[in-house]
Amino acid sequence: MNGQTFEELTFAAEKADEGERLDVFVSLAAEISRARAQGLIDEGAVALNGGVCAKKDRLKEGDTVRVCLPPPKELKAKPQDIPLDIVYEDDWLLVVNKPQGMVVHPAPGNEDGTLVNALLYHLGGRLSTINGVLRPGIVHRIDKDTAGLLIVAKNDEAHVGLAAQIESHSFSRCYEAVVRGHLKEESGTVNAPIARHRTDRKRMAVVPGGREAITRYSLVNRYKGFDHIRLRLFTGRTHQIRVHMAYIGHPVVGDPVYGGGELPGLHGQCLFAKHIGFKHPASGEWMEFEAELPKFFKDVLEQIK
Numbered sequence: 025m026n027g028q029t030f031e032e033l034t035f036a037a038e039k040a041d042e043g044e045r046l047d048v049f050v051s052l053a054a055e056i057s058r059a060r061a062q063g064l065i066d067e068g069a070v071a072l073n074g075g076v077c078a079k080k081d082r083l084k085e086g087d088t089v090r091v092c093l094p095p096p097k098e099l100k101a102k103p104q105d106i107p108l109d110i111v112y113e114d115d116w117l118l119v120v121n122k123p124q125g126m127v128v129h130p131a132p133g134n135e136d137g138t139l140v141n142a143l144l145y146h147l148g149g150r151l152s153t154i155n156g157v158l159r160p161g162i163v164h165r166i167d168k169d170t171a172g173l174l175i176v177a178k179n180d181e182a183h184v185g186l187a188a189q190i191e192s193h194s195f196s197r198c199y200e201a202v203v204r205g206h207l208k209e210e211s212g213t214v215n216a217p218i219a220r221h222r223t224d225r226k227r228m229a230v231v232p233g234g235r236e237a238i239t240r241y242s243l244v245n246r247y248k249g250f251d252h253i254r255l256r257l258f259t260g261r262t263h264q265i266r267v268h269m270a271y272i273g274h275p276v277v278g279d280p281v282y283g284g285g286e287l288p289g290l291h292g293q294c295l296f297a298k299h300i301g302f303k304h305p306a307s308g309e310w311m312e313f314e315a316e317l318p319k320f321f322k323d324v325l326e327q328i329k
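Just so you know, we're using this note's numbering here: the sequence shown kicks off at 25 and counts up by one.
By construction, these hints were calculated from the structure, which means they are not laboratory data. Treat the hints with caution; some may be incorrect.
[As the list claims (entries may be wrong)] Straight line, CA to CA, 27 angstroms or less: simulated DSS-like cross-link-like pairs of lysine-lysine:
| # | residue 1 | residue 2 |
| --- | --- | --- |
| 1 | Lys322 | Lys168 |
| 2 | Lys208 | Lys322 |
| 3 | Lys226 | Lys39 |
| 4 | Lys168 | Lys102 |
| 5 | Lys226 | Lys80 |
| 6 | Lys329 | Lys319 |
| 7 | Lys79 | Lys226 |
| 8 | Lys168 | Lys319 |
| 9 | Lys178 | Lys303 |
| 10 | Lys39 | Lys79 |
| 11 | Lys178 | Lys168 |
| 12 | Lys39 | Lys84 |
| 13 | Lys39 | Lys80 |
| 14 | Lys208 | Lys329 |
| 15 | Lys248 | Lys208 |
| 16 | Lys226 | Lys84 |
| 17 | Lys248 | Lys322 |
| 18 | Lys248 | Lys319 |
Work the whole structure out from these sequences, hints included.
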């Protein structure tokens with residue numbers, strides 16, 4: 025294809041995707057605009073079950089969608105001298121404490137100032153290539169307005185090993201949050217499948233037939249009208265904690281998407297990825313890291329006391 029190196033992505037339609045238009049599915053799965061998804065389909069860069077397809081085709085559970093993405097022409101991740109809070113680093117990986125408000129990787133509307141831009145500067149480009157030129161080294165993500173610990177792979181071997189742990193749920197991730205209201209039980213588990221919201225495509229929701237999602241929570245402290253809680257993820261779905269807590273009637277404070285409302289001085293949800301644990305992809309040694317609650321989180325606790 026004119027000597028260009030294309031990135032090939034493959035996605036499987038799940039039960040929650042039944043009836044979805046192909047162009048909408050490709051847009052969401054590949055994280056591109058719907059217009060670009062339609063253009064790729066028209067150009068023959070998308071295959072449905074290995075064959076030709078049209079943007080208005082409707083998906084069935086089990087369908088396979090292959091997308092050939094050309095290299096980005098205008099949007100490229102560039103090194104930027106942005107301070108990083110690095111908790112741990114070796115020749116294979118690093119653990120970084122991402123601040124609230126920082127986007128993890130470049131995307132339309134957020135072309136620079138991201139964690140990836142900072143990593144490229146700090147590491148001189150020594151990052152895994154598995155996730156392409158816009159997401160080098162990124163094994164897992166947290167939302168822009170969620171702060172906390174992220175692991176970054178410096179090479180493809182480390183990336184594969186860490187991703188396998190996430191897939192098998194042996195990768196430990198614990199969060200702390202402030203939610204509205206009081207939990208009926210001081211600890212419990214939310215086991216509710218998550219998929220894209222059927223009418224609001226920018227949101228996720230608990231949807232029968234969605235992907236398995238399990239969150240365990242426990243009470244840290246109780247305040248008037250609020251609970252400070254600790255959460256452990258057993259799966260890693262998009263917006264999982266935010267969706268699950270809203271689902272049981274206790275949205276995360278400061279989360280405008282899922283009903284958390286506003287709190288003076290808080291810019292984004294009061295959610296922090298506090299703990300991370302994993303086997304080192306080279307040595308097999310179990311490693312754990314924990315970060316102190318950030319200032320915005322402590323300020324919220326002071327405000328609600």
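Hint-by-hint comparison with the structure:
Our distance criterion of 27 angstroms between C-alpha atoms is met by Lys322 and Lys168, whose separation comes to about 19 angstroms. Using a Cα cut-off of 27 angstroms, the hinted pair Lys208 and Lys322 holds, with the two alpha carbons roughly 24 angstroms apart. About 19 angstroms separates the Cα atoms of Lys226 and Lys39, which keeps this hinted pair within 27 angstroms; it holds. Proximity of Lys168 to Lys102 is assessed by CA-CA distance (about 19 angstroms); at most 27 angstroms being required, the pair is judged to hold.
The straight-line distance between the Cα atoms of Lys226 and Lys80 is roughly 20 angstroms, inside the 27 angstroms bound, and the hint therefore holds. With a CA separation close to 15 angstroms, the supplied pair Lys329 and Lys319 stays within the 27 angstroms bound. Of the pairs offered as hints, the one joining Lys79 and Lys226 holds, with about 20 angstroms between alpha carbons and a cut-off of 27 angstroms not exceeded. Distance hint between Lys168 and Lys319 is fulfilled; the C-alpha atoms sit about 17 angstroms from each other, no more than 27 angstroms.
About 15 angstroms separates the Cα atoms of Lys178 and Lys303, which keeps this hinted pair within 27 angstroms; it holds. Taken as a hint, the Lys39 and Lys79 pair is honoured in the structure, with Cα atoms around 19 angstroms apart against an allowance of 27 angstroms. Of the pairs offered as hints, the one joining Lys178 and Lys168 holds, with about 22 angstroms between alpha carbons and a cut-off of 27 angstroms not exceeded. Distance hint between Lys39 and Lys84 is fulfilled; the C-alpha atoms sit about 7 angstroms from each other, no more than 27 angstroms.
In summary, the hint linking Lys39 to Lys80 is supported, as the alpha carbons are separated by about 18 angstroms, within the 27 angstroms threshold. Straight-line distance between C-alpha atoms of Lys208 and Lys329 comes to about 20 angstroms, which keeps the hinted pair within the 27 angstroms bound. Distance hint between Lys248 and Lys208 is fulfilled; the C-alpha atoms sit about 14 angstroms from each other, no more than 27 angstroms. A threshold of 27 angstroms between alpha carbons decides the hint, and for Lys226 with Lys84 the separation of about 21 angstroms falls inside it, so the pair holds.
A C-alpha spacing of about 16 angstroms is found between Lys248 and Lys322, which places the hinted pair at or below 27 angstroms, so the restraint holds. This hinted pair checks out: Lys248 and Lys319 have alpha carbons roughly 21 angstroms apart, not beyond 27 angstroms.
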